[in-house]
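Trainee: Letter by letter, the sequence shown follows residues -20 to -1, 1 to 761 in mature numbering (1 follows the signal peptide of the UniProt record, and there is no 0).
Check the hints yourself; a few may be wrong.
[Claimed, not checked] For each label pair, taking beta carbons as the anchor points, the in silico distance ranges come out as:
hint: 1; residue 1: Lys712; residue 2: Val577; range: 49 to 59 Å
hint: 2; residue 1: Asp94; residue 2: Gln243; range: 18 to 28 Å
hint: 3; residue 1: Thr672; residue 2: Leu295; range: 30 to 40 Å
hint: 4; residue 1: Lys712; residue 2: Asn472; range: 26 to 36 Å
hint: 5; residue 1: Glu63; residue 2: Tyr471; range: 20 to 30 Å
hint: 6; residue 1: Glu426; residue 2: Ser124; range: 27 to 37 Å
hint: 7; residue 1: Leu295; residue 2: Gly232; range: 50 to 60 Å
hint: 8; residue 1: Thr744; residue 2: Tyr471; range: 28 to 38 Å
hint: 9; residue 1: Lys742; residue 2: Lys468; range: 27 to 37 Å
hint: 10; residue 1: Ala247; residue 2: Lys337; range: 20 to 30 Å
hint: 11; residue 1: Ser124; residue 2: Val71; range: 50 to 60 Å
hint: 12; residue 1: Thr229; residue 2: Val606; range: 27 to 37 Å
hint: 13; residue 1: Ser124; residue 2: Lys742; range: 30 to 40 Å
hint: 14; residue 1: Asp293; residue 2: Ser19; range: 47 to 57 Å
[Unchecked claim] Listed below are the simulated SDA-like cross-link pairs for lysine to any residue, each with C-alpha atoms no more than 20 Å apart in a straight line:
hint: 15; residue 1: Lys742; residue 2: Leu599
hint: 16; residue 1: Lys285; residue 2: Lys244
hint: 17; residue 1: Lys244; residue 2: Lys22
hint: 18; residue 1: Lys712; residue 2: Asp681
hint: 19; residue 1: Lys271; residue 2: Ile347
hint: 20; residue 1: Lys690; residue 2: Glu732
Keep in mind the hints are simulated off the structure, nothing from the lab.
In this text, a Cβ means the ideal position worked out from N, Cα and C, and glycines have one as well.
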Amino acid sequence: MLKKIQFLLLCVVLSAAMVAQDFDDNFVENTFIAEGKGSTKKGAIVRARVEAMLKFLKLNMDSGDYESHNQQIETFLVENYREYTHDNVNVVQPYRDRQIRIMVEVKGDVLLQDIKNKFLRARSKAAGIWVSVNADRKVNSNRSLDMVLATVQDELGKHFTVRDTVAMKNLMKKEGQMLDLSASSDPQNYTWRKFSSIPIAMYFWLKMGYKYDEGTGGKVYRARIGARAVHVVTAQELFHFQHDKIGSTREGTIMTASIEVAQKIVAQVSQYNTILPEGEYTYKFVNFERKEDRDKIRQTMLDLKNGKRRYLDILPGGIGGGESYFTYRVKWLRSHSQFEMIQIVLEYLATNQVVVKCDKFTQKVMIFEPPNSNWSGGGNTGGGNNDYQPPVEEPVYEDDCDYIIAEGKARTKKSAITRAWREAMLKFLEDNVEYEYFEGNRNKIERFLVENWEDYTSTEPEEAIILRRFDGRRIRIKVCIEQDDLLKDIYNLVKKADDKLSGMWVAIVSDRENNPYQGTKPSTKDENTDRDVMFDYLQNLLGKHMKIRDLRALDRLMKKEAQMLGLSAGADPQAFIARKFAQVQIVVYLWLTTRRVSRDPATGTPVWYATVGCRLVHLQTAQELVKFQITSGDKTSIKPVGVFGGLTERMARAEAIKNVVRACYERVYNQIRTRKTVLQENIYTVKFANFTSRQERRIKDAILDLKSGKRAYCKIEASTGGGSGYMEYTLKWRRTRDTQADIIDIIIGYCEDNEVQVDSNKSTKGVIYFEPAEDEDDDDF
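Could you put together the complete structure from these sequences and hints?
Mentor: Below, the structure is given as structure tokens:
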């Protein structure tokens, strides 16, 4: 008996060990240690979770697929990291110096499946598409175009079936010579053979230019490749773009540019972006002999019309030409291409267990038939389709909306519904807005929704679906919101301004002239230390949004250069200032005072206060944007709070400075973001130079639109012409709130509406100078 018990215990232990081993192997297989960086701990953890998922994908995906979709995959993971990683994160190295290291488990199977469906499925659809690569002779091209065509053809051949039209042309010439005929004796046959079975024809051109690099003395080449694609069936232009690349060698630049162009084309064609404007098509179903197949086809069309995801409307005018032939006239509701429409219909038919093919279609007609059918275009024109019975219409879904359940608390029912709507919008934004933008601007978003939430409700607020009635305190509802409008406005509120500021250069300077010390002035050493704390902290805060010109580091560099050359640091003041403020658009002048109270009457502890004065100057217009000073206050004040004891004197003084600098940063950021710099007289001189006569006429139309359009922006005080290709206008701007930068953007927009690309990068105070955005002559590059 004892031996039996021992044997059973041994079996239990061995089975538990095997299960544990399997669990551990599975856990280790999908568990990764990753490091993340961020300005906050939460942001660093999110970045680490994304890095763990990227590590998993590198190990489990084909390297070519991963590299070709690297950026899109990373963006997708940042938006959906919660769905593919577990929340129980083990911290390996705590958050320190903006870094953290964690161990996290990745939901590998789900992640791989979603990545395959989202990024690789379209690529697999592209495998059966025939394309042709051709030279666009209408555009002045380059002798190296053959290299571009060969490289693009090789790259596209990895994804599509490429029809080598150059080889086909040479073959037909040889055939003509053998038969003693010219290659174009039969133009129709020539065109048919050249573009046989090709749905997409691509055309390319190349322009080359170079300039001499002042640093190395060598040539720097620029290759500009133009690409356009035409859908042969619908005669639509799928895409038309230009791509520039700069390199040190001619051949290397052309090769790299060609590969990048091919990658863009793969992304474009894989999406099948060819859509007929009116969206009306005719579907023909022929040679379906079985009645059950015909019934399933009609049910499929009803599913496409009335399903949860409505794809189309069935228009009157469809006919039945016999038992095995009937047609539908449909209007497609979604912006899908013709290829995608065929694929969706085939998938729905396959769901209803009907095997169908579609390889005969024109611009508006798609013909569906059984796999072994060989229909030639005719049909059984008997006495109609007698087997057809009008199907029972199922309920039509009014919208395709994702409902959100939310709860609101308030003393009245109306207030509770209002808060529930706002809570639903916050839930949606939390799932669809990038984490760093949502959490960093949560208070701003909540204030915005308090004022504007009614603009994003799909129905009247009181018509929300009530899940739990109001019990005097709370209510639960199910609502549908205007998601696209809400996302667009939130993007403009929190992200678009940051995108505009990302290219702005700011310099931080000590304002020694306006530095009135109050109380006891610290030693020179402490004064410099305090100023460094102020500079460094404000520089770090503004550096999240703008580019900072570190003038102190530049001063040290120029002093070393002067020592190496045996000169004084200020030997050439003009050159020193030019280098110091190169690229800088806004200068922030700061001054600082600190104050210590030996004993606070309320707490009995020493208190440290700080005062920071700030002045913003727009370097281009020499205008003072704002001037203010902020002082620490006590604990009941709305000002930044002083530091009450518990620290050393230097640490307490630094904390007090940081509290004030944080408030200054918000003022400075908001002021730069709004860019409120306006000339007093509001009169500007606008100059256009180096334009062709055709472009001059369109620019004149743009200026007249600014003056006399639906929204009149300005008055024309004077206009002169300095010669061919040069025009000058004196404009009095009507709106006083527009800055000089806003005026430049408005003029550029109106010129683009008139098909003129202009650029302005040589403006001064009150004078705006425009040139062509792209030089037509590449040899002057």
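Trainee: Find the hints from earlier in the document that the structure breaks and name them by number, from lowest to highest.
Mentor: The structure conflicts with hints 3, 6, 12, 16 and 17, although it agrees with all the remaining ones.
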